[in-house]
Amino acid sequence: DAEITQSPRHKITETGRQVTLACHQTWNHNNMFWYRQDLGHGLRLIHYSYGVQDTNKGEVSDGYSVSRSNTEDLPLTLESAASSQTSVYFCASSDQGNTEAFFGQGTRLTVV
Amino acid sequence: RKEVEQDPGPFNVPEGATVAFNCTYSNSASQSFFWYRQDCRKEPKLLMSVYSSGNEDGRFTAQLNRASQYISLLIRDSKLSDSATYLCVVNAGGKLIFGQGTELSVKP
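Residue numbers (my numbering), protein chains in the order written: chain A, 1 to 112; chain B, 1001 to 1108.
Simulated from the structure, these hints should not be mistaken for lab results. All C-beta atoms in this analysis are idealised placements derived from N, C-alpha and C, irrespective of residue type, glycine included. Do not rely on the hints blindly, as some may be mistaken.
Here are the simulated DSS-like pairs of lysine-lysine, each with C-alpha atoms no more than 27 Å apart in a straight line [said to hold, decoys possible]:
#: 1; chain 1: A; residue 1: K57; chain 2: B; residue 2: K1042
#: 2; chain 1: A; residue 1: K57; chain 2: B; residue 2: K1107
#: 3; chain 1: B; residue 1: K1045; chain 2: A; residue 2: K57
#: 4; chain 1: B; residue 1: K1002; chain 2: B; residue 2: K1079
If the Cβ cut is set under 7 Å, some of the chain A residues that face chain B in the computed set are [stated by the list, open to error]:
#: 5; residue: V19
#: 6; residue: A22
#: 7; residue: S65
#: 8; residue: Q105
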């Protein structure tokens, strides 16, 4: 069955370190998204991509970057982790057009 | 103003009650609409899509009013298992924007 997976599921890192969260989907979807979820804010869009070599900034992109070198993967990099980036991160993918999105299980990141 | 707004709740209702959630969106170019369900900060999962003509899936009814930029979800005969957070989602040009979510707690 097609799926979308995130790794790691949990990570603790130190302030200032570079961190990369992986997202891999086997749906062959063109669209991929990264969100963060914090209490009181719901899911906020960080970056998104509509296809290979395409990346776009979302609502809360400062301090984050993504790259899309193939259809299956959209890794999210925190260039220099900050305590304010402690959050739960969700990756999602969707087919072209106005279709539903499927989510990974999430990565709980703690920056100490 | 947020692009998608929901009443965060919580809504505390007894089993068997009917409960309604509302959502408004600001981008008139939005093209498709969904309700997702999220349990205990796990990944959101699609509950149902929302169509202009309204759609029903068992105890759940979703409606869209494009003129008022308003989406609703009605849950009839609430079950304990309906306790979750319900997320209103708007798709504008392929970008999915989430509301803050409405928490529902169904009590025995």
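**Q.** 27 Å limit on alpha-carbon distance, applied to hinted pair K1045(B) and K57(A)
**A.** Status holds; Cα separation ~24 Å.
Q.
So, as I understand it, the hint says Q105(A) touches chain B; can you test that by seeing if any CB pair is closer than 7 Å?
A. 5 Å, holds
Q: Verify the proposed pairing of K57(A) with K1042(B), using a straight-line Cα cut of 27 Å.
A: Roughly 24 Å separates the two Cα atoms, so the pair holds.
Q. Close enough to count: is the Cβ of A22(A) nearer than 7 Å to one in chain B?
A. Hint on A22(A): violated, closest Cβ of chain B at ~15 Å, above 7 Å.
Q) Is K57(A) within 27 Å of K1107(B), Cα to Cα? A) 41 Å, violated
Q.
Min Cβ distance, V19(A) to chain B: is it shorter than 7 Å?
A. 20 Å, violated
Q: Classify the hint on S65(A) as holds or violated, based on whether any CB of chain B lies nearer than 7 Å to its CB.
A: 18 Å, violated
Q) Regarding the pair K1002(B) and K1079(B), is the alpha-carbon distance no greater than 27 Å? A) Violated. K1002(B) to K1079(B) sits at ~31 Å, over the 27 Å cutoff.
Checked against the numbered hints above, the structure breaks hints 2, 4, 5, 6, 7 and satisfies the rest.
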